[in-house]
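Asker: The sequence shown begins at 42 in the numbering used here and counts up one residue at a time.
Any given hint could be a false lead.
To be verified - Here are the computed lysine-lysine pairs in the DSSO-like style, where the Cα-Cα straight-line distance is at most 30 Å:
#1 K378 x K307
#2 K128 x K60
#3 K303 x K378
#4 K307 x K217
#5 K217 x K279
#6 K379 x K303
As the list claims (entries may be wrong) - Now the in silico label distances, taken between C-beta atoms and shown as ranges:
#7 R88 x E324: 30 to 36 Å
#8 G198 x S345: 44 to 50 Å
#9 D460 x G370: 34 to 40 Å
#10 V327 x E254: 35 to 41 Å
#11 L373 x E164: 30 to 36 Å
#12 I386 x E80: 47 to 53 Å
#13 A455 x E324: 38 to 44 Å
#14 R88 x G362: 54 to 60 Å
#15 D196 x I407: 31 to 37 Å
These are calculated hints, taken from the structure and not from any lab test.
Quick reminder that beta carbons are idealized off the backbone N, C-alpha and C, glycines included.
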Amino acid sequence: MPTPPLSAALLDQAIAALKEHGTIVAAARALNLPRATLEGRIREARRRQEHSGGAAVPILATSKGRSIIDDGTARTTDEQIAVLRDKVFELDTQLRAARANTVDHEWVKSKINRLCGAIEHVEPPSWLIRPQRGKTLPGVPVAMWSDWHWGEVVDSGQIGDVNEFDLAIAHERARKLVERTIYLLTQHVVNPSYPGVVVNLGGDMMSGDIHDELTATNELPLMPALLDLYGVLRWALKTIADQFGQVFVPCVAGNHGRNTRKPRMKERAHTNFDWLLYRFLAESLVDDDRIKFYIPDGPDARYSVFGWRYLLTHGDQFRGGDGMIGHFGPVLRGQRKKQARNTAIGQSFDVMIHGHFHTYFPTQRIIGNGSLKGYDEFANMMNFDYEPAMQALWLTHPEHGVTMHLPVYLQPHATHVDDPAWARVADVS
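Can you make the complete structure from the sequences, with help from the hints?
Answerer: See below:
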């Protein structure tokens, strides 16, 4: 049923109250009405007056210390001061609210942006572009560190005792990751001579609070977890630099570190604690010439190693799949769509690197990363395949591109059985 039109009596009452009290705030208070209701009635009265050819109702006009409202009724100086005081209070309240909203967003963003200047526009180090002359190189090691879920807790009893995870285990696995990365690159390569190492930080570094169950079960809230992880990553990058000399660190944000309920397209990086963590790291290491960060404001980071073009993305934008192909179908479709988009604007790539799905997936064109956290309650409930905690590592050769994959395993496989024989025929009984 449509709302009946306002009666002439109500409109006359609104105009009379405005004439008597001088401001909408005072008139609304006198009539015991919400200000918005009174404003609506006055607007309707003006509309009807203008439609009928009558004079519009002015709110306030002043003349030599006296206030004239509507029908020429004069106001004393004290009355005028009271009227103006109400108006000033109303405008001041609106101004304070506008300033508060602006400061919350712009001030914080500007302060954070000053931490590292123009890091997102950094030029890649020269050792990524030109091989050393006169030397045969195995290539440049490229590591993918993502999906650490720092602060999350995995209860082994809920997943058949195939994995457990908390801060103590996270610290241990981070230490193992650095040690085993150095071991694999120095002991499992014939000529372990590298111009530097690329360490991709691929997002979801912290567990975050995007789900109620995470907020309830995380070992640490998001910000203390960020500070704890900051110290670990700072140590890890400096240790890699001590061993290999130069480190290039491309970074993208994931989805677990966001501070919004739903993922955002606009300001994705600036509303994500992954991005803030990267900025803190870059600022703290700005005087270390061995370590260079690349922190774009968008969801993808593009760089090249000896001319082989990489695109780093977290992977949460790839959706779909089914029980047979899992996430592989959506990732392949996503890679093709990104390639088509980038080719159209002259930004093609050779290899796409992603995380998010906690599944190691090494190919020539797509490299999916595992996780530091390992198998968890969600994977178990959804009947996903088991995969131990692991992170991707490979070599990029100047001529052949991606060559040697060296996955860094951080825990034993749950189905492994010790067997002293180096090989045997399978028991079929």
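Asker: Against this structure, judge whether each hint is valid.
Answerer: Verification of the hints:
no., hint, verdict
1, K378 x K307, "20 Å, holds"
2, K128 x K60, "15 Å, holds"
3, K303 x K378, "23 Å, holds"
4, K307 x K217, "37 Å, violated"
5, K217 x K279, "15 Å, holds"
6, K379 x K303, "22 Å, holds"
7, R88 x E324: 30 to 36 Å, "58 Å, violated"
8, G198 x S345: 44 to 50 Å, "47 Å, holds"
9, D460 x G370: 34 to 40 Å, "36 Å, holds"
10, V327 x E254: 35 to 41 Å, "38 Å, holds"
11, L373 x E164: 30 to 36 Å, "32 Å, holds"
12, I386 x E80: 47 to 53 Å, "49 Å, holds"
13, A455 x E324: 38 to 44 Å, "40 Å, holds"
14, R88 x G362: 54 to 60 Å, "57 Å, holds"
15, D196 x I407: 31 to 37 Å, "32 Å, holds"
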